[in-house]
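Each protein sequence line maps, in turn, to chains Z and A.
According to this note's numbering, the first sequence is numbered sequentially starting from 1.
According to this note's numbering, the second sequence is numbered sequentially starting from 1.
Since the hints were derived computationally from the structure, they do not count as laboratory data.
Fair warning: there could be bad hints in the mix.
[As the list claims (entries may be wrong)] Negatives, chain A to chain Z, calculated, CB over 12 Å:
{"hint": "1", "residue": "G241"}
{"hint": "2", "residue": "K260"}
{"hint": "3", "residue": "E292"}
[What the hints assert, rightly or not] Computed list of lysine to aspartate or glutamate pairs in EDC-like fashion (alpha-carbon distance at most 16 Å, straight line):
{"hint": "4", "chain 1": "Z", "residue 1": "K212", "chain 2": "A", "residue 2": "E319"}
{"hint": "5", "chain 1": "A", "residue 1": "K212", "chain 2": "Z", "residue 2": "E319"}
{"hint": "6", "chain 1": "A", "residue 1": "K282", "chain 2": "Z", "residue 2": "D361"}
{"hint": "7", "chain 1": "Z", "residue 1": "K282", "chain 2": "A", "residue 2": "E319"}
[Said to hold, decoys possible] Computed footprint of chain Z on chain A; a stretch qualifies when at least three of its residues, placed anywhere within it, have a C-beta under 8 Å from a C-beta of chain Z:
{"hint": "8", "region": "26-39"}
{"hint": "9", "region": "147-161"}
{"hint": "10", "region": "228-235"}
{"hint": "11", "region": "262-269"}
{"hint": "12", "region": "314-320"}
{"hint": "13", "region": "397-407"}
{"hint": "14", "region": "433-442"}
Cβ atoms here follow ideal geometry from the backbone N, Cα and C, with glycine treated the same way.
2 protein chains.
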Amino acid sequence: MANAQLQSVLDHIDKDFDNSLERLFSLLRIKSISADPAYAGDCRAAAEHLARDIASIGVATEVRPTAGHPAVVGKTSAGGRPHVIFYGHYDVQPVDPLDLWHRPPFEPVVADHADGRKIIVARGAEDDKGQVMTFVEACRAWKKVTGSLPIDVTFLIEGEEEVGSKNFVPFVEANKDEFKADYVLVCDTGMWDPETPAITTALRGLLYEEVKITAASRDLHSGVFGGTAMNPIRVLTRVLGGLFDDDNRITIPGFYDGVKDTPPEILEQWKKLEFTPDSFLKPVGLSIPAGEKGRLMVEQASTRPTCDVNGIWGGYIGEGSKTVIPSHASAKVSFRLVQGQDPQKIRLAFRDYVTARIPGDCKVEFGDHSAAPAVALDWNMKPLAAARKALTEEWGKETVLMGSGASIPIVADFKRTLGLDSLLVGFGLDDDNIHSPNEKYDLRSFQKGIRSWARILAALAEVK
Amino acid sequence: MANAQLQSVLDHIDKDFDNSLERLFSLLRIKSISADPAYAGDCRAAAEHLARDIASIGVATEVRPTAGHPAVVGKTSAGGRPHVIFYGHYDVQPVDPLDLWHRPPFEPVVADHADGRKIIVARGAEDDKGQVMTFVEACRAWKKVTGSLPIDVTFLIEGEEEVGSKNFVPFVEANKDEFKADYVLVCDTGMWDPETPAITTALRGLLYEEVKITAASRDLHSGVFGGTAMNPIRVLTRVLGGLFDDDNRITIPGFYDGVKDTPPEILEQWKKLEFTPDSFLKPVGLSIPAGEKGRLMVEQASTRPTCDVNGIWGGYIGEGSKTVIPSHASAKVSFRLVQGQDPQKIRLAFRDYVTARIPGDCKVEFGDHSAAPAVALDWNMKPLAAARKALTEEWGKETVLMGSGASIPIVADFKRTLGLDSLLVGFGLDDDNIHSPNEKYDLRSFQKGIRSWARILAALAEVK
Numbered sequence: 001m002a003n004a005q006l007q008s009v010l011d012h013i014d015k016d017f018d019n020s021l022e023r024l025f026s027l028l029r030i031k032s033i034s035a036d037p038a039y040a041g042d043c044r045a046a047a048e049h050l051a052r053d054i055a056s057i058g059v060a061t062e063v064r065p066t067a068g069h070p071a072v073v074g075k076t077s078a079g080g081r082p083h084v085i086f087y088g089h090y091d092v093q094p095v096d097p098l099d100l101w102h103r104p105p106f107e108p109v110v111a112d113h114a115d116g117r118k119i120i121v122a123r124g125a126e127d128d129k130g131q132v133m134t135f136v137e138a139c140r141a142w143k144k145v146t147g148s149l150p151i152d153v154t155f156l157i158e159g160e161e162e163v164g165s166k167n168f169v170p171f172v173e174a175n176k177d178e179f180k181a182d183y184v185l186v187c188d189t190g191m192w193d194p195e196t197p198a199i200t201t202a203l204r205g206l207l208y209e210e211v212k213i214t215a216a217s218r219d220l221h222s223g224v225f226g227g228t229a230m231n232p233i234r235v236l237t238r239v240l241g242g243l244f245d246d247d248n249r250i251t252i253p254g255f256y257d258g259v260k261d262t263p264p265e266i267l268e269q270w271k272k273l274e275f276t277p278d279s280f281l282k283p284v285g286l287s288i289p290a291g292e293k294g295r296l297m298v299e300q301a302s303t304r305p306t307c308d309v310n311g312i313w314g315g316y317i318g319e320g321s322k323t324v325i326p327s328h329a330s331a332k333v334s335f336r337l338v339q340g341q342d343p344q345k346i347r348l349a350f351r352d353y354v355t356a357r358i359p360g361d362c363k364v365e366f367g368d369h370s371a372a373p374a375v376a377l378d379w380n381m382k383p384l385a386a387a388r389k390a391l392t393e394e395w396g397k398e399t400v401l402m403g404s405g406a407s408i409p410i411v412a413d414f415k416r417t418l419g420l421d422s423l424l425v426g427f428g429l430d431d432d433n434i435h436s437p438n439e440k441y442d443l444r445s446f447q448k449g450i451r452s453w454a455r456i457l458a459a460l461a462e463v464k
Numbered sequence: 001m002a003n004a005q006l007q008s009v010l011d012h013i014d015k016d017f018d019n020s021l022e023r024l025f026s027l028l029r030i031k032s033i034s035a036d037p038a039y040a041g042d043c044r045a046a047a048e049h050l051a052r053d054i055a056s057i058g059v060a061t062e063v064r065p066t067a068g069h070p071a072v073v074g075k076t077s078a079g080g081r082p083h084v085i086f087y088g089h090y091d092v093q094p095v096d097p098l099d100l101w102h103r104p105p106f107e108p109v110v111a112d113h114a115d116g117r118k119i120i121v122a123r124g125a126e127d128d129k130g131q132v133m134t135f136v137e138a139c140r141a142w143k144k145v146t147g148s149l150p151i152d153v154t155f156l157i158e159g160e161e162e163v164g165s166k167n168f169v170p171f172v173e174a175n176k177d178e179f180k181a182d183y184v185l186v187c188d189t190g191m192w193d194p195e196t197p198a199i200t201t202a203l204r205g206l207l208y209e210e211v212k213i214t215a216a217s218r219d220l221h222s223g224v225f226g227g228t229a230m231n232p233i234r235v236l237t238r239v240l241g242g243l244f245d246d247d248n249r250i251t252i253p254g255f256y257d258g259v260k261d262t263p264p265e266i267l268e269q270w271k272k273l274e275f276t277p278d279s280f281l282k283p284v285g286l287s288i289p290a291g292e293k294g295r296l297m298v299e300q301a302s303t304r305p306t307c308d309v310n311g312i313w314g315g316y317i318g319e320g321s322k323t324v325i326p327s328h329a330s331a332k333v334s335f336r337l338v339q340g341q342d343p344q345k346i347r348l349a350f351r352d353y354v355t356a357r358i359p360g361d362c363k364v365e366f367g368d369h370s371a372a373p374a375v376a377l378d379w380n381m382k383p384l385a386a387a388r389k390a391l392t393e394e395w396g397k398e399t400v401l402m403g404s405g406a407s408i409p410i411v412a413d414f415k416r417t418l419g420l421d422s423l424l425v426g427f428g429l430d431d432d433n434i435h436s437p438n439e440k441y442d443l444r445s446f447q448k449g450i451r452s453w454a455r456i457l458a459a460l461a462e463v464k
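Just chain Z, same shape as in the assembly (with noise of 0.2 Å):
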């Protein structure tokens, strides 16, 4: 039945993308940054603004509050066929280095890459806000020509994917009988290129660690104490600058137990794809990957843990010279964890590794962001190929099944308090810029992804 009336829907969402646009730019002036509390007004009125959007589809909708920024819940209850739960999120990442945007973050306009792509430009047009916006304009659109959805759909959307989920995993957990469902739906991954869909079927796990590391009760003067007085920015460039050897490997003990080399077939279907140091860093200015050697560029971006230094300051660091001996100097540090390693021994491996080179009348504390294990998602299933179907119909191009190097801790999460498995699909580019300067999402991307979705609602409704 739903494939019948599935060219009146793409139709309709051709003629009203105009529409879709200004829906999605009407979310993405809101800055519901979660990170800084600063931004927690805009958070909860993020939420609201969603809420009110998803109920304007038809759907019952409400305002979840959490032990952080609250959820958005919006349910459909037909019975008697498929039921997904939807799941995205409508915090985004901090805008800094602010100079470095071309315009104001939170205010969205269509801008004309480089190539002549055209591009919504804002914070939060990939990551996640455009990605969420596809599928509910691609319920909209079913509502609006065919009065129904094709199948049932839990709206399940959080405002703190950005800072670890702390408070949205608690809640889905606490509400457990809520949200009872087939599978779910996560709307946060990307393309294969362009013109390829994808469905990601591994990710990589994801430890957030922050260290500080304190010398002297008060910062000093280098002139009087420079000699005598260790200077903890010292301490942790020589701990920090430790973490690689000169083969690229994480040096810290125990950090490879576990992970597995990748399947010999694997590798050689690997070496056929065209992922090389050109198609992939030349467009942001590099040319020498900087993972293990002996390792094929695409494992190093998908299948080997990772080490990254993601801030660091400590001391004077405004304009001119000041002769400082900082008190404490510190790190944010994360880890793309694979199959095989446990975050929580990463962690404590990671801090021993730390706390044995701390000179003895130094201290150093640690603070902790995530902790998330890598996903392996098992889709030999029947919703994966209907799903890969749809795609390659609305694409013109057969869909990659891939792995990523990004983290959705949340599909962990949702296997363990729902007994869910996870269908990743999503429409983000590698020059999408997401958590950086610029952020950006093709116009196709948006329009082909909400055509997307349209299909494969078709798709899972006729999945028994």
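Mind docking chain A on chain Z? Use the hints.
Frame of chain Z; chain A shown alone:
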């Protein structure tokens, strides 16, 4: 003659001390932070205030433009007697981190130190406004009581000492005919301890560099690019983390070339000094000397060269977490230099060291903040002996001739531009928190500092 009137001058200083304090407070209230262009107006205001204050003694004084913050120049010209230049600076260090100050840094107060000492608390209380005012107030007392100063004085107070005197030195050089004198008095150093006066006869030099490492052309998402894209913080921490070997020696090739060992007879004297981790490091919460192994701590602090990272920054440094691989990372790195080291050679050696460690697709940029060689003063001369005797009389303890770990680059500049030696007398203490939050100057340093200069002026009048 001068000595006959000295007791009346000293009595007047004690009687007028509350007014001296209020005049110092007026100067301390001006936010003359030279490093930050936002405070340029305050620097000018401080110069104008100081010029008016010196003129109020009866010394013709004006604010003189330089290519940067202005200088204050005042002059007496009786003739036929010794003529000295008095040098100091009215600019102060930045005040961050502001949240560690117990009171606003530009609202001076007299407070009780934990051990009962009365202290003046404010940015600049010691460095260098308090020290400058010891001399100005001594001159004021001489003029008030006797109608004139015992010797001729040219006041020469600059506003860019904390940022390397880049514009002041050319100003002195361009006007050197105005600055003919017998020698220079500099008040920007410290006592041996709270009871023991000192004259500083050797100073370390200072080389101050800034390093910026750029990897990708924009910030990247660590999920997408982690493992393949080089992280500039990884490069920076590896480079800086390798600056010291396990014996705490600096690893830059050639760094110690030309550095001489301390003569054995000096070492024997120093071994008797009570300069220990307990006396020097414990008050700031440390216990292990961080300098070269096998050297006395007094060597580490005064006659050995050092390296400190004074600031480091890169990536996300706000609250919470952000999974970014930043485009660039930076650090401010300074070196205290000793006799035998050429700042320009060290600069090149440092830059070579860094450049050799930059991956092929990253780039490094350098900025320089200052470069000054070490200075050893030749003071087998009468003014030194006269000043030493005057200080000993005021404090009741033998005056120590000491080397200082800090740098006062202007001393070398006065020698080069004006051909003049400098006599360095000051009343700072190790716990004054200069360049740190809660800077202070002992009330006793200020009062007895004024009295000390009154005595020195009298003593210098007798030197033929």
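Comparing the hints with the structure gives:
no.	hint	in the structure
1	G241	violated (3 Å)
2	K260	holds (16 Å)
3	E292	violated (8 Å)
4	Z:K212 to A:E319	holds (13 Å)
5	A:K212 to Z:E319	holds (13 Å)
6	A:K282 to Z:D361	holds (10 Å)
7	Z:K282 to A:E319	violated (32 Å)
8	26-39	holds (count 4)
9	147-161	violated (count 0)
10	228-235	holds (count 6)
11	262-269	violated (count 0)
12	314-320	holds (count 7)
13	397-407	holds (count 4)
14	433-442	holds (count 6)
Hint compliance for this structure: hints 1, 3, 7, 9, 11 are not met, and every other hint is.
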